[in-house]
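Asks: Following the hints, complete the assembly by docking chains B and C onto the known chain A.
Protein chains in written order, with full-length UniProt numbering: chain A, 1 to 298; chain B, 1 to 379; chain C, 1 to 272.
Since the hints were made in silico from the structure, they are not lab data. Please note that the accuracy of each hint is not assured.
Heads up, simulated EDC-like pairs for lysine to aspartate or glutamate below, C-alpha to C-alpha not over 16 Å straight-line [unchecked claim]:
#1 C:LYS36 <-> A:GLU142
#2 C:LYS256 <-> A:GLU111
#3 B:LYS200 <-> B:GLU134
#4 A:LYS29 <-> A:ASP264
#5 B:LYS261 <-> B:GLU276
#6 B:LYS148 <-> A:GLU295
#7 B:LYS143 <-> B:ASP112
#8 C:LYS256 <-> A:ASP110
#9 B:LYS148 <-> B:ASP112
#10 B:LYS321 <-> B:GLU364
#11 A:LYS29 <-> A:ASP63
#12 B:LYS229 <-> B:ASP43
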Amino acid sequence: MNLRRVTLIALPYLWLLGFFLVPFLIVLKIALSDTAVAIPPYTPTLDLSGGWAAIRDFFGQLDFENFTWLTEDELYWKSYLSSVRIAAISTFITLLVGYPIAYAMAQSPDEWRPTLMMLVILPFWTSFLIRVYAWIGILSNEGFLNQFLLWTGLIDTPLTIMNTTTAVYVGIVYTYLPFMILPIYAALEKLDGSLIEAAEDLGCSRLSAFWLVTLPLSRPGVIAGCFLVFIPALGEFVIPSLLGGSQTLMIGKVLWEEFFSNRDWPVASAVAVVLLLLLIIPIVLFQKNQQRQQEAEQ
Amino acid sequence: MAQSKPQNVFAPWNDPQEKPLIRFQNVTKRFGTFTAIDNLTLDIYRREFFALLGPSGCGKTTMMRMLAGFETPTEGTILIDGVDVGPIPPNKRAVNMMFQSYALFPHLTVEDNIAFGLRRDKTDRSSIADRVSEMLRLTRLEKFAKRKPHQISGGQRQRVALARSLAKAPKLLLLDEPLGALDRKLREQTQFELMDIQEKTGTTFVIVTHDQEEAMTVASRVAVMDHGKVIQVDTPAGIYETPNSVYVADFIGDVNIIRGKAHPADGGLIRIHYAEGAEPILATPTQPVAAGQDVAFAIRPEKIVVAWEPDHSRANHARGKIIDIAYLGNISTYHLELPSGQKVSAQMTNARRLARRDFTWDDEVWLSWSDTAGVVLQD
Amino acid sequence: MNRRLTWFNATSLTLGFAFLYLPMLILIIFSFNESKLVTVWAGFSPKWYGELLRNEQFLDAAWVTLKVAALSSTLATVLGTMAAYVLVRAGRFPGRTLFSGMIYAPLVMPEVITGLSLLLLFIAIGLDRGVFTIVLAHTTFAMCYVSVVVSSRLMTFDRSLEEAALDLGCTPFEAFRLVTLPIITPAVISGWLLAFTLSLDDLVIASFASGPSSTTLPIKIFSAVRLGVSPEINALSTIMIGIVAVGVITASLVSKRAIQRQRREEVEGVRA
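Bound conformation, chain A alone (with noise of 0.2 Å):
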C-alpha cells in the first residue's frame, strides 16, 4: 500500500519536475549565459564530464549581462511598460463591458439563466486564433465596420484600424470577455435579493442600492475578473501579432521574435525571466484576494 502511495504521489511529482520546473532552471541558466555563433546558440555550456572544476567554472561564466542590455536597449523597457499599459487599458475595458453582462445575467429569469451560462462558456471553448482571425475581416480597411460607417455616413474615408493598438485592445476585450463576465456573474448571483429590498425598504433608490449594496459586494467577482483578464493580456503574443501593428510593443511578440527571428536566446531567455517578475506581483495580489475570498465564504 506504502509503494502505491509513493507511486500515486511520485508519478505527477517527477512530470511536473521534469517537465515544468527543470525547464524554466533552464531558461535562468541561458539568461545567464552569454550569445554564440553556435549550435545552440549560447555558451557557456555545461559539461559533466569535466568534473567540479567545469561545473565551478561554468558558474564563473555566468553574468547579468542580458538583463543590463534590456534595461539599456529601449525596446526591452519601452515593450515592458507598454503590455502593462495595454493590459490593463484593456482590462479596464472589459470590466465595463462585462460588469452590466453579468448583472443583466444574474437579474434574468432563473429559466433563462443555464443557457446564458452556456451561451457565455461556448466561445471559450472555440479557437482562440479563430476567433481574434475573426476580426481582422471585421477591422481592416475594407472591413465590415468601415462599410457599415461609411454606409451610414458617420464618415467619409475608412478608419485605420487594423494593425494598431486599437484593434489589440477590441481583440483583448473580445477574446477574455468571457473570464471577466463569469466571476462577476458568480458573485451577483449569490447575492441575496433581500440585502437590495432591505436597503430600499431603509430609504435607497434603486441607483443608490446598486453603488451601497450590489457592487461593493461585487467586488470580489471584479477583482478576480480583472486579474483573469490582466494577468493572460500582459503576455499575450497572438493577439498583437495578428491584430497590432509594427508600433505595437507587447514583450510576449518581442520574446517571439528574439528567439525565432533573432535566434538571440541568451536574450529571449532574459526577457521570459523579467516578465515572469513582472506577472508575480499580479499573481501573489489575485491568490491573496481568492483566499480571502474563500475565508469569508466560511
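Replies: For chains B and C alone, kept in the frame of chain A given last:
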C-alpha cells in the same frame, strides 16, 4: 400585565372612537392565476403588536410585503394613517422591515448597518451618531459596534437587524419570522426582549410567524390565516379559548374534536350525541344551535380531568382506557379510548414529585369535564 | 425574488451577446462566399469547403492535431486526476508546497514562457522535435487544468463515503475504484474535454515544441492568417466552430436531462 384593572387594558379595537393605523380594504393579490390574498379586510391599531399566523403559503408574507411596498395589491386599497400607500415605493414609506434572513449588509459593520437608513435621510452626522448609539444601547450591542455581521452570533445578528429597522423610528415595523433562525432557548428569551422593546419605543409591530406559541406569547392580537383569508382575529386568549372554527381550534394548541348531533337541553345548554350508547356531552353553545344540527365539540386536553372515580362537580363523565402516556416532566399527556372507540387526549399537571400510584397502560379510568370546558363549533 | 427584465438589462444582454457572436456569425456567412475577397459578398457557394478538403497540408495538420490532442488529453487526464487526488487526499508529504505550486503555476504562466522553456529542455536533452514533443508539452500544461477541475470536485465530495467503504471492508484502492471514481467521473470527463480543447487550440506552445515535420492546425492557420484573410480559413473556422457548438450544446442537453431524470426519480422516490 394589568389584568386586574380592566380600565387600563390595551384594547383599541374595542373602542369605536379609535382610528386604525393600518386598514386593508377588500385587498386581493394575485400572482398569475394564484390568489395569494383573497378579498381581505383587516384593521390594525397604533401601538399594537399584531401577529399574522398561519401555515406557509397562507398569504401572511404577501400581506407583509404589501405593507413594506414590495408588492402592490391587485385589487382593493391599503391605508396607512389614512393614506392610500399603493403608489408609494418602499424607500418612501415610513415603514421598516426586519427580514427573515436579517439581510444584514455583510460589507458594513454593525454600526454602519444601523446607520444605513439614517444616512439616506441626509440627517446631520451628530444626530445620526446619537441615534445609532441609542439603538446600540437599546439592543445591548455596544460592544459589537465595530464588528462585521459574520463576526457575531445569530442572536446578536437578530438584534442588529432589529436595531437597524427601528433606527428610523418607523410608524410601523414589520417582522418576518424574526426568531425563526434562533434555537428554542434563545427564541423564548428574545420574545420577551421584543415585547419589551416594542413597549419602550411605542412602535406598532406586525409580525409574521408560523409558530403559534410565538404568536401567542408576543402579540396583543393574532390573525389566523388560511388560503389568503383571515379566519379569526382575536387576542391570544380569545383565539385559544373561543376559536370560531375547527381550523383555528386545531391550528392553535392541541384539541380533541368530537363530532355529533346537537339537542337542546335546559338553561340554553345542548346535549351532543356523538356515539350510540354513549352518554351525550352537555355543553354551552356560544350561538343558538338548531335541534339535530351537526356540530363539532372542541375541548383542550388540559380541560379534562383523569381520575379513578368520576368527578361529580363536573357535568360530563366518560369511562376511558389508557392507550399511551407521554411524560413531559411538568405535565403528562394521556391518550385514551372511550367505549365508543373515540380517541381523546387529556393532560394533567404533575404537581406531586412522586405520585402514590401512577396511571399506567390499559388502566380503566374516568374522564370528567364541565359543561363550559369545551367549545361548540358549527361548520 | 422579483426578477424582472428591465430595458437596461435587456439592452446589456442583447449588445453583449451581439458582440460575442456577431464576429463569428460574419465569419461563418462569408465562408460561403463565392468571391475570393472575404469582405465583399458575391453570392452563395460551398466551393471553399471543397478546396479545403483537397488541401493536403491542412488535412495533414488536422490529423496531427487530433492525434496530439487525443494522446495528450488522455495522458493529462490520468496524471491530472492523480495529482488532484494527491493534493486533496494524500495529506502531508515532503515537498507538498512545491507540488501544489507546480500545479497552479502553469495556469498563469504566459504561453510564450512555457513554450520557450520546454523547447530549451528538449534541445538540452537532445530530443528530436515532433509529434512526441508536442504531446509532452501539451500533457504538462493540460494536466494542471485537469487537476484543478478534478480537485474542486474532490473537495466538495463527502469524505465519509470513502470512510464508509473502508469500514465495509474495502482496501483503499477498492474504495477509490468503487466509490470515489464513479462520483468524480463527470469532473474527470470534463477535465478530459478541457485538455482536449486546450490542445486543439494551442498555437504558442506547439510552435515552440514542434519540429519542421510536425505542423499542427493552429500553426498552419496562423501562418496562413498572417498573410491575410482567406475564404478557406473561414471555411475551416466554420467547421471547427460547428463541431464545438454541437459538442457543447449536446453536453449541456445531456447534463440537463440527467438532472431532470434525477429530480424525477427523487420525486417518485418520495411518493413511493
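Asks: Given the hint that LYS148 (chain B) pairs with GLU295 (chain A), does the C-alpha gap stay at or below 16 Å?
Replies: Satisfied, since the Cα-Cα distance of roughly 14 Å is no more than 16 Å.
Asks: For a C-alpha distance cap of 16 Å, please report whether LYS256 (chain C) and GLU111 (chain A) respect it.
Replies: holds, 12 Å
Asks: Within a Cα-Cα threshold of 16 Å, do LYS229 (chain B) and ASP43 (chain B) meet the stated pairing?
Replies: Answer holds: LYS229 (chain B) to ASP43 (chain B) is near 14 Å, not above 16 Å.
Asks: Between LYS261 (chain B) and GLU276 (chain B), does the CA-CA distance stay at or below 16 Å?
Replies: holds, 12 Å
Asks: Taking 16 Å as the top limit, are the C-alpha atoms of LYS143 (chain B) and ASP112 (chain B) close enough?
Replies: OK: LYS143 (chain B) and ASP112 (chain B) at ~14 Å, within 16 Å.
Asks: Hint check: LYS29 (chain A) vs ASP264 (chain A), CA-CA at most 16 Å. Holds or violated?
Replies: holds, 14 Å
Asks: For the pair supplied as a hint, LYS256 (chain C) and ASP110 (chain A), confirm whether the alpha-carbon distance does not exceed 16 Å.
Replies: Holds - the C-alpha atoms of ASP110 (chain A) and LYS256 (chain C) are around 14 Å apart, at most 16 Å.
Asks: Can the restraint linking LYS29 (chain A) and ASP63 (chain A) be considered satisfied, given a maximum Cα separation of 16 Å?
Replies: holds, 10 Å
Asks: Are the Cα atoms of LYS321 (chain B) and GLU364 (chain B) separated by 16 Å or less?
Replies: Answer holds: LYS321 (chain B) to GLU364 (chain B) is near 5 Å, not above 16 Å.
Asks: Holds or violated: LYS36 (chain C) with GLU142 (chain A), Cα cutoff 16 Å?
Replies: Within the cut-off at roughly 14 Å; holds.
Asks: Holds or violated: are the alpha carbons of LYS148 (chain B) and ASP112 (chain B) at most 16 Å from each other?
Replies: holds, 9 Å
Asks: Are the Cα atoms of LYS200 (chain B) and GLU134 (chain B) separated by 16 Å or less?
Replies: holds, 12 Å
In summary, this structure violates none of the numbered hints.
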